[in-house]
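Chains A and B are the protein sequences, given in the same order. Going by the working numbering, the residue at position 340 of the first sequence is 340; the numbering climbs one at a time, nothing skipped. Going by the working numbering, the residue at position 165 of the second sequence is 165; the numbering climbs one at a time, nothing skipped.
Simulated from the structure, these hints should not be mistaken for lab results. Remember, it's a predicted structure, so these values are computed and weren't measured experimentally. Wrong hints could be hidden among the right ones.
[As the list claims (entries may be wrong)] With a straight-line cut-off of 27 Å between C-alpha atoms, the simulated BS3-like cross-links for lysine-lysine are:
1. B/Lys258 to A/Lys517
2. B/Lys122 to A/Lys509
3. A/Lys516 to B/Lys84
4. A/Lys34 to A/Lys304
5. B/Lys366 to B/Lys277
6. B/Lys245 to A/Lys476
7. B/Lys293 to A/Lys482
8. A/Lys48 to A/Lys89
9. A/Lys419 to A/Lys11
10. B/Lys45 to B/Lys293
11. A/Lys158 to A/Lys200
12. B/Lys142 to A/Lys507
13. A/Lys482 to B/Lys419
14. A/Lys478 to A/Lys438
15. A/Lys419 to B/Lys368
16. B/Lys245 to A/Lys509
17. B/Lys368 to B/Lys277
18. A/Lys505 to B/Lys277
19. A/Lys476 to B/Lys366
20. A/Lys316 to A/Lys34
21. A/Lys524 to B/Lys258
22. B/Lys310 to A/Lys507
23. B/Lys245 to A/Lys517
24. B/Lys252 to B/Lys231
25. B/Lys231 to A/Lys409
26. B/Lys277 to B/Lys293
27. A/Lys158 to A/Lys147
28. B/Lys245 to A/Lys409
29. A/Lys516 to B/Lys240
30. A/Lys419 to B/Lys258
31. A/Lys482 to B/Lys258
32. B/Lys368 to A/Lys517
33. B/Lys45 to A/Lys478
34. A/Lys48 to A/Lys326
35. A/Lys304 to A/Lys115
36. A/Lys48 to A/Lys419
37. B/Lys258 to A/Lys478
38. A/Lys419 to B/Lys240
39. A/Lys505 to B/Lys142
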Amino acid sequence: MEVPQVNSGIKKYRGKWTKVQATHLLKRTMFGAKKDDVDYFASASLRKTIDELIDTVETEPAPPLNNYNDDKYADPEIKSGDTWVTATKQTGMEIGRRKNSLKAWWTGLMINQNKTIQEKMVLFWHNHFSSETNIVDNATWSYLHNKLLRQYALGNFKELVKAITLDPNMLKYLNGNNNNKKAPDENYGRELQELFTVGKGSGSHYTEADVKAAARVLTGFRIENKILPEAHGIFDATRHDDTDKQFSSFYNNAIIKGRKGKDGEQELDDMLDMIFAQEEVSKFICRKLYRFFVYHNIDEATEKNIIEPLAKTFRKNNYEIKPVLKQLLSSRHFFDVSNYGSIIKSPIDFCVGLCREYNIQFPNNDDYVNQYAFWLNIQQAASQMQQNIGDPPNVAGWQAFYQVPQFDKIWINSDTLPKRNQFTDRMINNGFGRPSNKKIVIDPIAFAQQFSDPSDPDQLINETVQLLYRMGLPDKEKQYLKEGILLSGLQGMMSDHYWTDAWNKLKDKPDDASNKKDVTNKLKKLFQYLMNLPQYQLT
Amino acid sequence: MKRKEFIKNTLLGVALPTFLNGISLKALAGTPLMHALSNYMNDDKVLVLVQLAGGNDGINTVIPFDQLSAYTNARTNIALPENKVLRLNGFDAVALHPSLTELQNLFNNGQLGIVQAVSYPKPNFSHFRATDIWMTGSDSDKIINTGWAGRFLNEVYPQFPNNYPNAAMPDPLAIQVGSVVSSTFQGPSFTMGLAISNPNNFYNLIEGKENVNSNSRWGEQLNYIEEMSLKTDQYADVIKKAALKVTKQSDKYPAQGKNPLADQLKIVARLIAGGLKTKIYMVNTGSFDTHSKQTDDADKTIGTHANLLKRVSEAIGVFMDDLNYLQVGDKVMGMTFSEFGRRIKSNASGGTDHGAAAPLFYFGNKVKGGVIGTNPIIPTNVTVNDNVPMQNDFRSVYASILQNWFALQPNDVQNVLQKDFAMLPIV
Numbered sequence: 001m002e003v004p005q006v007n008s009g010i011k012k013y014r015g016k017w018t019k020v021q022a023t024h025l026l027k028r029t030m031f032g033a034k035k036d037d038v039d040y041f042a043s044a045s046l047r048k049t050i051d052e053l054i055d056t057v058e059t060e061p062a063p064p065l066n067n068y069n070d071d072k073y074a075d076p077e078i079k080s081g082d083t084w085v086t087a088t089k090q091t092g093m094e095i096g097r098r099k100n101s102l103k104a105w106w107t108g109l110m111i112n113q114n115k116t117i118q119e120k121m122v123l124f125w126h127n128h129f130s131s132e133t134n135i136v137d138n139a140t141w142s143y144l145h146n147k148l149l150r151q152y153a154l155g156n157f158k159e160l161v162k163a164i165t166l167d168p169n170m171l172k173y174l175n176g177n178n179n180n181k182k183a184p185d186e187n188y189g190r191e192l193q194e195l196f197t198v199g200k201g202s203g204s205h206y207t208e209a210d211v212k213a214a215a216r217v218l219t220g221f222r223i224e225n226k227i228l229p230e231a232h233g234i235f236d237a238t239r240h241d242d243t244d245k246q247f248s249s250f251y252n253n254a255i256i257k258g259r260k261g262k263d264g265e266q267e268l269d270d271m272l273d274m275i276f277a278q279e280e281v282s283k284f285i286c287r288k289l290y291r292f293f294v295y296h297n298i299d300e301a302t303e304k305n306i307i308e309p310l311a312k313t314f315r316k317n318n319y320e321i322k323p324v325l326k327q328l329l330s331s332r333h334f335f336d337v338s339n340y341g342s343i344i345k346s347p348i349d350f351c352v353g354l355c356r357e358y359n360i361q362f363p364n365n366d367d368y369v370n371q372y373a374f375w376l377n378i379q380q381a382a383s384q385m386q387q388n389i390g391d392p393p394n395v396a397g398w399q400a401f402y403q404v405p406q407f408d409k410i411w412i413n414s415d416t417l418p419k420r421n422q423f424t425d426r427m428i429n430n431g432f433g434r435p436s437n438k439k440i441v442i443d444p445i446a447f448a449q450q451f452s453d454p455s456d457p458d459q460l461i462n463e464t465v466q467l468l469y470r471m472g473l474p475d476k477e478k479q480y481l482k483e484g485i486l487l488s489g490l491q492g493m494m495s496d497h498y499w500t501d502a503w504n505k506l507k508d509k510p511d512d513a514s515n516k517k518d519v520t521n522k523l524k525k526l527f528q529y530l531m532n533l534p535q536y537q538l539t
Numbered sequence: 001m002k003r004k005e006f007i008k009n010t011l012l013g014v015a016l017p018t019f020l021n022g023i024s025l026k027a028l029a030g031t032p033l034m035h036a037l038s039n040y041m042n043d044d045k046v047l048v049l050v051q052l053a054g055g056n057d058g059i060n061t062v063i064p065f066d067q068l069s070a071y072t073n074a075r076t077n078i079a080l081p082e083n084k085v086l087r088l089n090g091f092d093a094v095a096l097h098p099s100l101t102e103l104q105n106l107f108n109n110g111q112l113g114i115v116q117a118v119s120y121p122k123p124n125f126s127h128f129r130a131t132d133i134w135m136t137g138s139d140s141d142k143i144i145n146t147g148w149a150g151r152f153l154n155e156v157y158p159q160f161p162n163n164y165p166n167a168a169m170p171d172p173l174a175i176q177v178g179s180v181v182s183s184t185f186q187g188p189s190f191t192m193g194l195a196i197s198n199p200n201n202f203y204n205l206i207e208g209k210e211n212v213n214s215n216s217r218w219g220e221q222l223n224y225i226e227e228m229s230l231k232t233d234q235y236a237d238v239i240k241k242a243a244l245k246v247t248k249q250s251d252k253y254p255a256q257g258k259n260p261l262a263d264q265l266k267i268v269a270r271l272i273a274g275g276l277k278t279k280i281y282m283v284n285t286g287s288f289d290t291h292s293k294q295t296d297d298a299d300k301t302i303g304t305h306a307n308l309l310k311r312v313s314e315a316i317g318v319f320m321d322d323l324n325y326l327q328v329g330d331k332v333m334g335m336t337f338s339e340f341g342r343r344i345k346s347n348a349s350g351g352t353d354h355g356a357a358a359p360l361f362y363f364g365n366k367v368k369g370g371v372i373g374t375n376p377i378i379p380t381n382v383t384v385n386d387n388v389p390m391q392n393d394f395r396s397v398y399a400s401i402l403q404n405w406f407a408l409q410p411n412d413v414q415n416v417l418q419k420d421f422a423m424l425p426i427v
């Protein structure tokens with residue numbers, strides 16, 4: 001399949017700023033585009049929108065709670081409704097329940113995200129610095145890791161790499177904790193280069209010797225876990241290899257001088273300086289950002305016109321993340337219509353985006369048991385579609401973000417596509433329920449109500465398509481949806497009023513059960529149909 | 001991307017849900033499973049439902065020939081002339097609209113019958129509500145969330161869609177051509193039907209048309225998802241296989257696009273002849289909502305309503321011809337229905353407003369032809385409030401088909417229709 005080049009460059013986009021562009025930007029930088037958010041930003045300027053999405057200072061969210069006591073089990077230390085991140089003890093029983101609490105909590109943060117890019121970036125970094133709660137097997141460390149990603153999500157990438165190196169979760173996951181001078185463990189030293197910084201692109205030429213050398217630099221870092229909630233990485237000089245480390249020509253034959261005692265810790269900074277001196281670091285990260293926010297394939301033109309200038313910005317700003325995001329997300333290239341709808345939604349984008357775009361009502365904080373249970377339903381739905389947050393398949397993250405040439409097509413297969421359809425069917429029909437009779441389900445009337453004139457069937461369909469799809473639908477198909485669904489098979493312009501009458505009657509006589517059922521069913525069918533079309537998979 | 005390609009691309013996109021919507025491709029592994037009820041469902045009887053959306057004017061469809069002066073008086077501006085209506089062998093009291101030549105032939109051959117004045121107590125005059133009543137089979141003042149055919153299919157295939165398709169029922173239980181799946185097929189939890197939303201999609205599927213457009217980033221992604229959808233949909237394959245078994249159909253069909261109902265029925269005939277075990281098909285045409293100018297001013301035999309009926313007659317006529325050509329005529333019966341009839345008195349704008357009871361047609365080689373019931377009485381001093389009263393409950397038609405065509409046991413029929421209804425001698 002020949003897909004033509006998209007030649008628009010990195011220069012600032014100065015074209016129209018309407019709901020169309022705002023929807024594109026929000027679908028990419030948040031989870032789904034809510035109508036209220038689209039309206040809010042469309043009435044501002046692109047510049048103001050970008051600033052608000054990227055510069056807004058996020059406060060740290062309240063930590064996850066014990067939502068998991070039940071008839072058979074009660075956490076011996078943490079009361080139901082209190083946060084467990086302060087717990088000093090954990091057994092297998094607590095870890096399992098807390099991990100689910102963590103995943104539910106995180107999903108809730110995405111569903112209730114503020115109007116910023118923060119949550120998308122947390123997911124980006126989670127995929128980048130991949131780790132698995134199932135292997136780490138310590139819910140507190142996994143929480144601290146998530147907190148760290150959140151803290152640095154829009155900060156300085158080099159500082160983030162250093163923080164990750166000292167992160168207990170990562171020290172455990174990639175065996176840094178076992179890395180000592182007697183028997184260096186190369187795991188983290190390898191992934192630090194291969195996956196986290198210089199990558200494996202054509203411009204990256206680190207060697208096996210560099211892996212070994214890096215591992216030796218990293219000897220001595222281990223987890224200090226005496227007080228569980230304050231777990232952190234420390235440098236233990238007795239475990240450190242304090243001899244000189246020779247690197248390859250890729251790093252200009254640099255030698256990291258061995259340092260003795262406490263000073264050994266500074267070798268990490270020396271090594272990060274050496275790694276970050278490679279332009280490849282900036283390019284590798286910019287390519288990954290491009291794939292996450294714009295399109296999977298990077299051809300020569302994109303490399304030259306987009307990646308290189310972005311990478312330059314990254315280096316010039318000493319690896320600050322914000323300037324790069326701002327440049328990419330306000331570029332002509334980003335707003336090139338050719339890039340609309342060019343990404344297949346990740347399962348999280350699909351599931352969380354649905355909850356947000358339909359404004360599905362979850363229980364309040366005081367009903368945290370049901371609230372967490374529903375968040376977990378959404379998380380598990382995405383997990384069944386092969387994106388289990390907290391547990392990517394391996395240290396490389398999800399294949400869809402790196403596997404040439406399939407990339408995001410990997411999300412769609414004969415197992416996951418039916419699951420996506422079943423999920424949307426479920427959310428429009430029965431939703432998820434709880435024994436307490438609480439449920440989460442799409443309210444089709446509330447969704448329709450937000451549009452400018454739901455009593456006009458054409459307008460209702462147009463605005464729904466504009467919000468849910470990126471590339472619209474031909475008029476002929478919209479006509480078909482109108483007649484086939486909203487008008488029960490009645491054709492011709494003269495019939496529109498039957499829908500109008502039914503909608504208006506719903507407003508005037510909300511107690512008319514048969515009319516309400518009729519309007520509700522028609523809307524359900526309409527939305528279900530639209531979500532079953534392949535177009536709904538694109539963002 | 002060029003506009004033409006854009007449309008082509010997106011249209012094919014719409015093809016998919018056709019095969020997906022409805023049961024949304026629950027790709028559930030099939031373990032062969034026989035249900036007790038399937039035993040007497042092993043016969044190969046098929047029902048075709050033809051929906052005339054909008055409320056067909058029954059009085060100008062089946063004309064009360066025995067009351068011509070009252071009829072003409074009630075409908076001064078739209079009454080069909082005595083010498084143009086079509087007469088029926090052995091049934092002098094009734095005549096058909098001049099457009100219904102094929103239906104006249106079928107009637108005279110004993111392959112078509114008429115049920116007079118079909119409705120239900122306390123008729124509803126809203127399109128949407130009345131359609132819902134016909135599809136669910138509910139009483140006028142009750143709300144039911146399942147369709148009558150959906151309940152029937154659920155009775156026979158109780159665990160659908162779990163473990164379907166399977167060896168006993170490898171094919172869709174019900175297929176709707178030309179719309180999204182109707183409420184008629186709604187089962188207790190799932191719809192029992194799937195839809196082929198428009199004929200083009202069907203031909204794209206069976207001809208394996210590649211989507212060669214997608215000269216864009218999103219188009220290329222969309223193509224991939226569409227291909228995957230087809231592969232994923234277990235029913236796409238059986239539909240395609242069935243269709244490909246039939247290489248020639250009746251040459252009497254009008255050209256594609258000329259008569260949308262005939263286009264839909266052509267697909268149905270092909271799938272039946274191709275061996276699908278699907279029990280019920282549904283097609284639809286419209287819009288019969290003829291509030292104004294339903295006839296030409298000068299010539300009452302032509303105009304909007306005449307065209308609508310012509311379409312129905314031509315489509316059913318060629319469909320029957322094709323079924324017999326394909327040698328499957330004996331296993332198929334069909335019926336038309338519309339959500340209501342129209343008022344006895346025509347209105348000032350040359351049309352008719354929403355009414356109550358109306359006749360319906362049923363057809364097939366094996367049906368018992370004739371006319372069931374009598375003409376409605378046309379009052380000599382007709383007023384705008386006069387409606388055709390019910391003679392036959394529409395659920396009597398359903399019950400007769402379930403029991404005498406599908407051989408469902410009487411207590412199961414009652415289960416499906418939630419009440420006991422009188423049988424009609426239609427089959």
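Cross-check of the supplied hints:
no.: 1; hint: B/Lys258 to A/Lys517; verdict: violated, 36 Å
no.: 2; hint: B/Lys122 to A/Lys509; verdict: holds, 21 Å
no.: 3; hint: A/Lys516 to B/Lys84; verdict: violated, 45 Å
no.: 4; hint: A/Lys34 to A/Lys304; verdict: violated, 34 Å
no.: 5; hint: B/Lys366 to B/Lys277; verdict: holds, 19 Å
no.: 6; hint: B/Lys245 to A/Lys476; verdict: violated, 31 Å
no.: 7; hint: B/Lys293 to A/Lys482; verdict: holds, 24 Å
no.: 8; hint: A/Lys48 to A/Lys89; verdict: violated, 46 Å
no.: 9; hint: A/Lys419 to A/Lys11; verdict: violated, 40 Å
no.: 10; hint: B/Lys45 to B/Lys293; verdict: violated, 41 Å
no.: 11; hint: A/Lys158 to A/Lys200; verdict: holds, 18 Å
no.: 12; hint: B/Lys142 to A/Lys507; verdict: holds, 22 Å
no.: 13; hint: A/Lys482 to B/Lys419; verdict: violated, 34 Å
no.: 14; hint: A/Lys478 to A/Lys438; verdict: violated, 35 Å
no.: 15; hint: A/Lys419 to B/Lys368; verdict: violated, 47 Å
no.: 16; hint: B/Lys245 to A/Lys509; verdict: violated, 53 Å
no.: 17; hint: B/Lys368 to B/Lys277; verdict: holds, 24 Å
no.: 18; hint: A/Lys505 to B/Lys277; verdict: violated, 42 Å
no.: 19; hint: A/Lys476 to B/Lys366; verdict: violated, 39 Å
no.: 20; hint: A/Lys316 to A/Lys34; verdict: violated, 35 Å
no.: 21; hint: A/Lys524 to B/Lys258; verdict: violated, 32 Å
no.: 22; hint: B/Lys310 to A/Lys507; verdict: violated, 40 Å
no.: 23; hint: B/Lys245 to A/Lys517; verdict: violated, 42 Å
no.: 24; hint: B/Lys252 to B/Lys231; verdict: violated, 34 Å
no.: 25; hint: B/Lys231 to A/Lys409; verdict: holds, 15 Å
no.: 26; hint: B/Lys277 to B/Lys293; verdict: violated, 43 Å
no.: 27; hint: A/Lys158 to A/Lys147; verdict: holds, 17 Å
no.: 28; hint: B/Lys245 to A/Lys409; verdict: violated, 34 Å
no.: 29; hint: A/Lys516 to B/Lys240; verdict: violated, 39 Å
no.: 30; hint: A/Lys419 to B/Lys258; verdict: violated, 39 Å
no.: 31; hint: A/Lys482 to B/Lys258; verdict: holds, 21 Å
no.: 32; hint: B/Lys368 to A/Lys517; verdict: violated, 38 Å
no.: 33; hint: B/Lys45 to A/Lys478; verdict: violated, 36 Å
no.: 34; hint: A/Lys48 to A/Lys326; verdict: holds, 11 Å
no.: 35; hint: A/Lys304 to A/Lys115; verdict: violated, 32 Å
no.: 36; hint: A/Lys48 to A/Lys419; verdict: violated, 38 Å
no.: 37; hint: B/Lys258 to A/Lys478; verdict: holds, 21 Å
no.: 38; hint: A/Lys419 to B/Lys240; verdict: holds, 23 Å
no.: 39; hint: A/Lys505 to B/Lys142; verdict: holds, 19 Å
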